[in-house]
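Novice: If you read the sequences in order, they're chains A and B.
Here the working numbering is used: the first residue of the first sequence is 36, the next is one more, and so on.
Here the working numbering is used: the first residue of the second sequence is 36, the next is one more, and so on.
Source of the hints: derived by calculation from the structure; they are not laboratory data.
Mixed in with the good hints, there may be bad ones.
What the hints assert, rightly or not - Which stretches of chain B does chain A cover? Using the computed rule of at least three CB atoms under 8 Å from a CB of chain A, they are:
| hint | segment |
| --- | --- |
| 1 | 58-66 |
| 2 | 109-119 |
| 3 | 158-170 |
| 4 | 189-198 |
| 5 | 206-212 |
Said to hold, decoys possible - Calculated from the model, a selection of chain B residues having no Cβ within reach of chain A, i.e. all distances over 10 Å:
| hint | residue |
| --- | --- |
| 6 | 45 |
| 7 | 49 |
| 8 | 52 |
| 9 | 69 |
| 10 | 90 |
| 11 | 130 |
| 12 | 140 |
| 13 | 141 |
| 14 | 150 |
| 15 | 153 |
| 16 | 215 |
| 17 | 216 |
Beta carbons: idealized from backbone N, C-alpha and C, even for Gly.
Number of protein chains: 2
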Amino acid sequence: MDIYIALVHHPVLNRAGDVVTTAVTNIDIHDLARAARTYGVAGYFLVTPIEQQRAMVSRIAAHWQGGGGAALHPLRADALSLVRVAATLDEAERAIAGPDGPRPLRVGTSAWRHSTTVGYDALRERLTTRPEGSAALLLFGTGWGLTAETLAECEAVLPPIEAIPGRAAYNHLSVRSAAAIILDRLLGARNETLPGVDR
Amino acid sequence: MDIYIALVHHPVLNRAGDVVTTAVTNIDIHDLARAARTYGVAGYFLVTPIEQQRAMVSRIAAHWQGGGGAALHPLRADALSLVRVAATLDEAERAIAGPDGPRPLRVGTSAWRHSTTVGYDALRERLTTRPEGSAALLLFGTGWGLTAETLAECEAVLPPIEAIPGRAAYNHLSVRSAAAIILDRLLGARNETLPGVDR
Numbered sequence: 036m037d038i039y040i041a042l043v044h045h046p047v048l049n050r051a052g053d054v055v056t057t058a059v060t061n062i063d064i065h066d067l068a069r070a071a072r073t074y075g076v077a078g079y080f081l082v083t084p085i086e087q088q089r090a091m092v093s094r095i096a097a098h099w100q101g102g103g104g105a106a107l108h109p110l111r112a113d114a115l116s117l118v119r120v121a122a123t124l125d126e127a128e129r130a131i132a133g134p135d136g137p138r139p140l141r142v143g144t145s146a147w148r149h150s151t152t153v154g155y156d157a158l159r160e161r162l163t164t165r166p167e168g169s170a171a172l173l174l175f176g177t178g179w180g181l182t183a184e185t186l187a188e189c190e191a192v193l194p195p196i197e198a199i200p201g202r203a204a205y206n207h208l209s210v211r212s213a214a215a216i217i218l219d220r221l222l223g224a225r226n227e228t229l230p231g232v233d234r
Numbered sequence: 036m037d038i039y040i041a042l043v044h045h046p047v048l049n050r051a052g053d054v055v056t057t058a059v060t061n062i063d064i065h066d067l068a069r070a071a072r073t074y075g076v077a078g079y080f081l082v083t084p085i086e087q088q089r090a091m092v093s094r095i096a097a098h099w100q101g102g103g104g105a106a107l108h109p110l111r112a113d114a115l116s117l118v119r120v121a122a123t124l125d126e127a128e129r130a131i132a133g134p135d136g137p138r139p140l141r142v143g144t145s146a147w148r149h150s151t152t153v154g155y156d157a158l159r160e161r162l163t164t165r166p167e168g169s170a171a172l173l174l175f176g177t178g179w180g181l182t183a184e185t186l187a188e189c190e191a192v193l194p195p196i197e198a199i200p201g202r203a204a205y206n207h208l209s210v211r212s213a214a215a216i217i218l219d220r221l222l223g224a225r226n227e228t229l230p231g232v233d234r
């Protein structure tokens, strides 16, 4: 089953709990694309309502895949080939589903626990029992994370990254670090290979 | 046992295999400090022979910990409090050891396997059997990684991050992503709590 990831720039929370739009950064484009490529992710959506920023992402991705960029740095071109843009999560999901396909399973990530929080083992199990041809979309929130509304619309939410059991958790990993860790925990080779996971 | 990390800017390799010095970046200071704080790392050394860049790192760390920065963003101040600078790895190790203490166990990371490569379980085992008061220093290379000489001086080297067993590995994670994944694999809560690991 294809796993997609989305880096959400709106709606997300700021430090004060307001719903805001964050700016797309070049380092997020590259780091998450490289992580996505490493873990066999089928596509990496940067979700932002700001058209100029979607255009910027597309230009950056095209630059690294164009003749000069791809020849100079094929590994970077390979990663950037996964990058896609969408104005909303809904648009990303429709792009994944195609004209006739089912919407992907929406999986949230959060620094907190929710009623729909499921562990990595349980999620992996759920992914293997999905019908052939279906997909999952893993959401990462910039700023101070995904909104409650977005998380409520997820069929599952992964648990917060707890580094040290029983200790007061320091809960302020960068989204780049968190995304890499979550991809590794979900898809990394230490675990049994998921039947049906493409790549 | 205290675990330290070092982000090495020299000596490291460039794409052509030459030994170079890379530039310190602000995002590396912050991302790895936040990951270090999350996983209970005792200190985060940025190693560069360039004095002006060591000074820059110290200024950035001080800024976030100073009155205004710490009040505005205590979580960031907390992470940045781990940041230290050193001109060489040897200097970092002497700082960790103190005037009379033993040098820390030097652990390398690499995108390739080496004769001294040990798995995470084996390394964790080795760490728990170290004498009280000793430490370990985990090295991350910028650019295209640590030199063969540096790796040869490591008592152990962690294996490359293999995302998908049996597949041709895409071996181009950013150092930020790799460091987060490695810290999680080594110290993350899914594993048994290491007796004696402080914090």
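Novice: For this structure, which hints from the list above don't hold up?
Specialist: Of the numbered hints given earlier, those the structure breaks are 3, 9, 16, 17, listed in rising order.
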